[in-house]
Amino acid sequence: MKRSSNNPWLCRFTWFTALCTWLLIGLGGLVTSKGVGMSVPDWPTTYGYNMFLFPIHMWDGGIFYEHSHRLFASFVGLLTTVIAVWVQSKEDRRWLRVLGWAAFVGVVLQGVLGGLRVRLSLDGLGIPHAALAQLFLCLLVFMGVVTSRWWERRWSEKWSFSMSPSAQRLVLLTTVLIFVQLLIAAGMRHQHAGLAVPDFPLAYGKIYPPTDATFVEEINRKRMHPMDFNEITAFQIHLHMLHRFVAYALLVLITVAALKLHKALADQPLARRVATGWLILIWVQAGMGIVTVLKNKPADIATLHVMTGALTLLAGFVLSVLVQQFSVATQKSVVQSPARPIFGPNKPFS
Amino acid sequence: MKMKLQIGSLLAVACALQTVSAGDITGKVTLNGAAPAEKPLPMDPTCGKLQAAGEKPMTSFYVVGADHGLGDVVVYLKDISGKSAGASAKPLMVDQKGCVYEPYVATVQTGQTITVSNSDPVLHNVHPTPRPGTRNKEANKAQLPKSPTLDFVFPDAEMFLRFKCDVHPWMFAYMSVFDHPYHATTDKDGNFKILGVPAGEYTLVVDHRKAGTAEKVIEVTTGGAKADFALDAK
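Chains U and E, in that order, give the protein sequences. Numbering of the first sequence is given in numbering that gives the first Met the number 0, commencing with residue 0 and proceeding in unit increments. Numbering of the second sequence is given in numbering that gives the first Met the number 0, commencing with residue 0 and proceeding in unit increments.
Among the hints, a few may not be true.
In silico EDC-like pairs for lysine to aspartate or glutamate, Cα to Cα no more than 16 Å straight-line [unchecked claim]:
no., chain 1, residue 1, chain 2, residue 2
1, U, Lys221, E, Glu37
2, E, Lys209, U, Asp266
3, E, Lys209, U, Glu216
4, E, Lys38, U, Asp227
5, E, Lys140, E, Asp206
6, E, Lys209, U, Glu217
7, U, Lys221, E, Asp206
Calculated Cβ distances over 10 Å to all of chain E for the following chain U residues [to be verified]:
no., residue
8, Asn49
9, Met223
10, Pro225
11, Met226
12, Thr232
Derived by calculation from the structure, the hints in this document are not laboratory data. Glycine is no exception: its CB is placed at the ideal position from the N, C-alpha and C atoms.
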């Protein structure tokens, strides 16, 4: 069996799996947005049926979303298994073969987390389930990048890349902050308490709302929502406000980082487009967050907000990898760059 | 034999005396101010077809009847415990009809059975979600159309223990569980009646999920007691 690092169909298949994973994140987001995460109370069966044989005429109400989520998750699991096996047989890079198994373990773990959340009726498990989904998507996209032709050629071309170490760190740390923001968001959504703060740009008419027991009791008494969510707590109000403040910070950080990247990637049109996309994504995301609040968290907008958040993390992650690679490649190329790579002179991913 | 007859007679007299020295608490709860507008229930097409022609199902946060009477208010005597009839109390019947729970608000005793049936031609799942920190257990049971009833029993007192259906996320019911039999829910006109309360002084509480609570000290005699309340719309 001859292995190589040139497997274009593996690359295409990995990108396809990543796309399916992103759509699966959306489907999972829709399940939470519609409040139907427990509409199928058993797992891995569906109302006692083998999940692949559950009669379509019983896909009623919330069951339609939850069951579709499970079926599509099984599909993504199958695609990931194919990738894991394919990589073992075709890839000559050992570290990538390890990542293939990591992806397989990740998707199995993700399925188990989702199943346990239902079996044990533990809302809290929805948070690691959501977080792992984002990390899994990043892993798949990384595998797509490193199996691409661009990756093969990246050090055989002349590079002109100049970005200070602090700017490079900005890209990486902003990406980490995006992930933290997604964790905060998952924490908010899996409280199943609906919208903790119903107005924008103020919060209950103030810059920062009161959270004493009397005020919280009053807002719960006044809230009349057909979904009759769990009661709002002071913690949820604080979490919501934290989500807003981190969003403001990300707007500034990503704008600054994207502008710096735009300048540094003048000779890299594809990477430049990713940087531009990152900038557009964060502003669209902010807009959707505002609409989510003003329209009282409709399921479709809230779900699109989840999916755009995933893309924003993904763009930051890809740019962090590209920046690191460009820095190393610039050092190796004929055109010298004064910049030092943020990961030092070693080649972690050769 | 003669001794047994004497003891039996004494017991009967004691019970009769207790009944004679008990009374019923009656009253009415009214709403001050205008109730906020109810919201339409976001029913899916299948449940929508189960509704009467032209009827648009709405939320029932405020059920306001004649003379501003407020329905679905839980009324109970405060600071009484250990008097539940438990499993010997008649089961409370709850139905799922037209993709809503009936009744929406009710009261039961600890250990009393809540029997849930499904009169709809669609699948529901019955999901009580008690608050943490009690012995009341969360459950999530599927109930197909025409399937047997489901029974639930809660050993600890809890106000507004929520029942939901995750298949139809607008479906809710609230059961308040008490450790005694002295409680009731107001009807659609705000009237309530608590039967057989032994004579004495009590604190009577009314609690509405949205309009809040109020309480009064009352004296129950053999003739019963009457207490009216007014809650403010929020």
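To see whether the hints hold, each was checked on the structure:
1. Lys221/U / Glu37/E: holds (12 Å)
2. Lys209/E / Asp266/U: violated (62 Å)
3. Lys209/E / Glu216/U: Between lysine 209/E and glutamate 216/U the Cα gap is close to 10 Å, so the pair holds against 16 Å.
4. Lys38/E / Asp227/U: Cα-Cα ~11 Å, so holds.
5. Lys140/E / Asp206/E: Since the Cα atoms of lysine 140/E and aspartate 206/E sit roughly 29 Å apart, the hinted pair is violated (cutoff 16 Å).
6. Lys209/E / Glu217/U: Measuring from Cα to Cα gives roughly 9 Å; hence the hint holds.
7. Lys221/U / Asp206/E: Judged against 16 Å, a Cα distance of about 15 Å means the pair holds.
8. Asn49: holds (16 Å)
9. Met223: violated (5 Å)
10. Pro225: violated (5 Å)
11. Met226: violated (6 Å)
12. Thr232: holds (12 Å)
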